[in-house]
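*Asks:* As a plain string of letters, each chain reads:
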Amino acid sequence: MEDESVMAKGLVERIGSDDAILTHTPTGRSSVKQVSSILDHTTAIGQVLEMLVHPEHGVIRDISEIRAVGHRVLHGGPTFTQSVLINSEVKDAIRDCIPLGPLHNPANLMGILAAESNIPGVPQVAVFDTAFHQTMPKHAFLYPLPYVLYERHKVRRYGFHGTSHRYIARRAAEALNRPSKGLRLISCHLGNGASVAAIKDGKCIDTSMGLTPLEGLMMGTRSGDIDPAVVFYVMKHENLTIDEMDSLLNKHSGLLGVSGISGDMREIEAAVKSGDERAKVAFDIYEYRIRKYIGAYAVALDGVDAIVFTAGIGENSPFLRQRVCEGLGFLGVTIDPEKNNSRGKEVNITGEDSKVKVLVIPTNEELVIARDTLEIVSAANSGN
Amino acid sequence: MRIRKVAIVGAGTMGCSIAENIGEKGFTVFLVDRTDELVEDAKCRVELSLNKRLEKWGITEAEKRVTLSRIRFTSKLDDVTTCDLVIEAVQEDPDVKKKILSDLDKLCHPQTILASNTSTLSITELAAATLRPERVIGLHFLSPVTRVEVVEIVRGLKSSEETFEAVKRFVKSLDKVGVEIHDSPGFVTTRLITPLLNQAMNALMEGVASASDIDTAIRLGFGLPRGPLEMADRMGLDTVLTSMEGLFRDLGDFSYRPCPLLRKLVRAGHLGVKTGQGFFKYDEEGNLIKEEENLVYQGAKG
Numbered sequence: 001m002e003d004e005s006v007m008a009k010g011l012v013e014r015i016g017s018d019d020a021i022l023t024h025t026p027t028g029r030s031s032v033k034q035v036s037s038i039l040d041h042t043t044a045i046g047q048v049l050e051m052l053v054h055p056e057h058g059v060i061r062d063i064s065e066i067r068a069v070g071h072r073v074l075h076g077g078p079t080f081t082q083s084v085l086i087n088s089e090v091k092d093a094i095r096d097c098i099p100l101g102p103l104h105n106p107a108n109l110m111g112i113l114a115a116e117s118n119i120p121g122v123p124q125v126a127v128f129d130t131a132f133h134q135t136m137p138k139h140a141f142l143y144p145l146p147y148v149l150y151e152r153h154k155v156r157r158y159g160f161h162g163t164s165h166r167y168i169a170r171r172a173a174e175a176l177n178r179p180s181k182g183l184r185l186i187s188c189h190l191g192n193g194a195s196v197a198a199i200k201d202g203k204c205i206d207t208s209m210g211l212t213p214l215e216g217l218m219m220g221t222r223s224g225d226i227d228p229a230v231v232f233y234v235m236k237h238e239n240l241t242i243d244e245m246d247s248l249l250n251k252h253s254g255l256l257g258v259s260g261i262s263g264d265m266r267e268i269e270a271a272v273k274s275g276d277e278r279a280k281v282a283f284d285i286y287e288y289r290i291r292k293y294i295g296a297y298a299v300a301l302d303g304v305d306a307i308v309f310t311a312g313i314g315e316n317s318p319f320l321r322q323r324v325c326e327g328l329g330f331l332g333v334t335i336d337p338e339k340n341n342s343r344g345k346e347v348n349i350t351g352e353d354s355k356v357k358v359l360v361i362p363t364n365e366e367l368v369i370a371r372d373t374l375e376i377v378s379a380a381n382s383g384n
Numbered sequence: 385m386r387i388r389k390v391a392i393v394g395a396g397t398m399g400c401s402i403a404e405n406i407g408e409k410g411f412t413v414f415l416v417d418r419t420d421e422l423v424e425d426a427k428c429r430v431e432l433s434l435n436k437r438l439e440k441w442g443i444t445e446a447e448k449r450v451t452l453s454r455i456r457f458t459s460k461l462d463d464v465t466t467c468d469l470v471i472e473a474v475q476e477d478p479d480v481k482k483k484i485l486s487d488l489d490k491l492c493h494p495q496t497i498l499a500s501n502t503s504t505l506s507i508t509e510l511a512a513a514t515l516r517p518e519r520v521i522g523l524h525f526l527s528p529v530t531r532v533e534v535v536e537i538v539r540g541l542k543s544s545e546e547t548f549e550a551v552k553r554f555v556k557s558l559d560k561v562g563v564e565i566h567d568s569p570g571f572v573t574t575r576l577i578t579p580l581l582n583q584a585m586n587a588l589m590e591g592v593a594s595a596s597d598i599d600t601a602i603r604l605g606f607g608l609p610r611g612p613l614e615m616a617d618r619m620g621l622d623t624v625l626t627s628m629e630g631l632f633r634d635l636g637d638f639s640y641r642p643c644p645l646l647r648k649l650v651r652a653g654h655l656g657v658k659t660g661q662g663f664f665k666y667d668e669e670g671n672l673i674k675e676e677e678n679l680v681y682q683g684a685k686g
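Sequences listed follow chains A and B, in order. If you're matching positions, the first sequence starts at 1 in the numbering used here and goes up one per residue. If you're matching positions, the second sequence starts at 385 in the numbering used here and goes up one per residue.
So that you can see chain A by itself, here it is in the shape it has in the complex (with noise of 0.2 Å):
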């Protein structure tokens, strides 16, 4: 952990089958891939750690050598402002956070329990997909409806990719070698889905996702903002149950449903300039939605010094960065095309006469990640 270096990178698939999938890539040497019966989530972290001791695949001696395990977890609530080390009370209030994401939650929460019951006694630290975004002032998370949906559902704007926004914060400071306070940064992280959050002082003042991850900017096949008497119009007349509205919404809109081809921007890329009409209008849509969020950022900051783009689409697309900025005139941004031409590396795309820093930098949630159990497990030994 001294010089951040990453020694191996894995994934189970399909747990609660009989033919799970575990993938397992030691730093510098070739994947593995194993095919099992792995019925639970304490069977999966068993068999990571096997292979991280692995004779031949692994990368520890002795499992001994682990001194702590950070997750993520994607929703803390209005509970979690920060990351913490796991206790009971935690563990109980990422449960009672169920509701408010129930697809990840659980499963999160099922691996916090498996690398306990596999590696008793070594600290885990949770950190929350929402809690970046926990510095946002109420008149940016509260939505105009009844308040009591607020008091009773705690029905607000909670955000997500927030460990990757934070990345984005401090990385952006470093490279642009200016300190936080006083940074007013646009961070745009365009991946499957995507969200764009305006960032003051290092902290989070507003974002656009909200109490789920389906608000906010058009994805690659979630539709973002609608007008939500949309979605009782299309129940009526197409007669489709809540289930299958949210469908429609999350896996049949956005990107794919606009093209009718694809939710992959690749593909919408390469549709648009063999002449596409559909695939043009979606990636208009898409391109036209991103600069509507930064025009308003750009008034919530007050001004903003440096828009930034991470995540797959936000470091691979130069197209779409370049249509983006050239719509961004008033705010006086331009961009250098030649650094523009880059893909899946940092670097500063600032035109010459900007008044904007563009920045395109990888985002590295897993880095965060570490960096939070190693900062709270180590404040947690010396205050023993």
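Treat the hints loosely; a few may be bogus.
Over 12 Å on every C-beta distance to chain A, these chain B residues come out as not near it, computed from the model [unchecked claim]:
hint, residue
1, 396
2, 410
3, 419
4, 445
5, 549
6, 565
7, 567
8, 596
9, 626
10, 633
11, 654
12, 660
Among chain A residues calculated to face chain B with C-beta under 10 Å, some are [what the hints assert, rightly or not]:
hint, residue
13, 14
14, 17
15, 237
16, 240
17, 244
18, 251
19, 253
These are computed hints drawn from the structure, not numbers from a lab. From the three backbone atoms N, C-alpha and C, an ideal C-beta is built for every residue, glycine too.
Use these hints to put chain B onto chain A, whose structure you have.
*Replies:* Below, chain B alone, put in the same frame as chain A:
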């Protein structure tokens, strides 16, 4: 015990629909019927149903393919012997059901739970056809299975606590709400809905109102997605008649005495959605043809 591997015996409308739902929720599920042709039909039926849901944005192309890949279509009953749970969904005839449960009892692993998807028959009686009545239980899914959130879990007289708990957990993992039923004819759903259907038919026969007005009154008056006559058409009028006769016999209550109009329609082969005609007319996709009442059978009005 934890239920992971499931089989459905009987690939009719209900069998296919249950298999689709279980496969969708991540379980490997065998769908068995007697002949290869019936199995092939079942595959087409499941695909058709998934395609319809895809068209309605309920699922994605990828989800459709994953669900299909989890359903193993087969004509060999031997394939189900190692399953944790086998649900029979053959026709609603006590002798046929007893025969299949008895066969499964002989074939399956002793730990296997045998469930029946009957809507009216006594679980206690069906369980008696096996040597493992403690591992026999009722699991009444309602149609359309992917849309209806409730499942009746029916305890036979001898169903064990362990069996009930395992099945209850399984139902929960399908994201459905299980209600606990103590074996009794028609359980709760069939017992309570049948008199409504019967009375709607009687009202039609007596000329109280037209079929579409009866359905509109009940649908809008009580907030139901469909009126009782369309509901009966969708269940299949032959099925409705059979279960009504069974309930009338078992409960001796006149509210279950089948309406003569129902008998007349069944005799004429107008069985509802599946034949394109019942109290209303339907297109090939099973959609109600608006304003087309089956006027020949309008009772007093016809």
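*Asks:* Against each hint, give a clear statement of whether it holds in the structure.
*Replies:* Here is how each hint holds up against the structure:
1. With a cut of 12 Å on Cβ distances, residue 396 of chain B stays outside the contact zone with chain A, its closest approach being about 24 Å.
2. Remark: the non-interface label on residue 410 of chain B conflicts with the geometry, its nearest Cβ contact in chain A lying 6 Å away (cut-off 12 Å).
3. Every CB of chain A is more than 12 Å from the CB of residue 419 of chain B (nearest about 29 Å), matching its label as outside the interface.
4. A beta-carbon of chain A comes within 12 Å of the beta-carbon of residue 445 of chain B; the shortest separation is about 10 Å.
5. Distance to chain A confirms residue 549 of chain B as a non-interface residue, since its nearest Cβ pair spans about 18 Å, more than 12 Å.
6. With a cut of 12 Å on Cβ distances, residue 565 of chain B stays outside the contact zone with chain A, its closest approach being about 25 Å.
7. With a minimum CB-CB distance of about 31 Å to chain A, residue 567 of chain B clears the 12 Å threshold, and the non-interface call stands.
8. For residue 596 of chain B, the shortest C-beta to C-beta distance to chain A comes to about 17 Å, beyond the 12 Å cut-off, and the non-interface label holds.
9. The claim that residue 626 of chain B is not at the interface with chain A holds, since no C-beta of that chain comes within 12 Å of its own (minimum 29 Å).
10. In this structure residue 633 of chain B is separated from chain A by more than 12 Å, as the shortest Cβ-Cβ distance comes to about 37 Å.
11. Even its closest Cβ contact with chain A, about 25 Å, leaves residue 654 of chain B beyond 12 Å, as expected for a residue assigned away from the interface.
12. The claim that residue 660 of chain B is not at the interface with chain A holds, since no C-beta of that chain comes within 12 Å of its own (minimum 20 Å).
13. Against a cut-off of 10 Å between C-beta atoms, the interface hint on residue 14 of chain A holds, since the closest Cβ of chain B lies about 9 Å away.
14. A cut of 10 Å between beta carbons decides the hint on residue 17 of chain A: the least distance to chain B is about 7 Å, and the hint holds.
15. Interface restraint check for residue 237 of chain A: the shortest CB-CB distance to chain B comes to about 12 Å, outside 10 Å, so the restraint is violated.
16. With 10 Å as the threshold, the beta carbon of residue 240 of chain A comes within range of chain B, its nearest partner Cβ sitting at about 6 Å, so the hint holds.
17. At about 4 Å, the closest approach between the beta carbon of residue 244 of chain A and any beta carbon in chain B falls short of 10 Å, and the interface hint on this residue holds.
18. Interface restraint check for residue 251 of chain A: the shortest CB-CB distance to chain B comes to about 5 Å, inside 10 Å, so the restraint holds.
19. The interface hint given for residue 253 of chain A is met, as the beta carbon of that residue sits about 9 Å from the closest beta carbon of chain B, less than 10 Å.
Hints 2, 4 and 15 from the earlier list are contradicted by this structure; the remaining hints agree with it.
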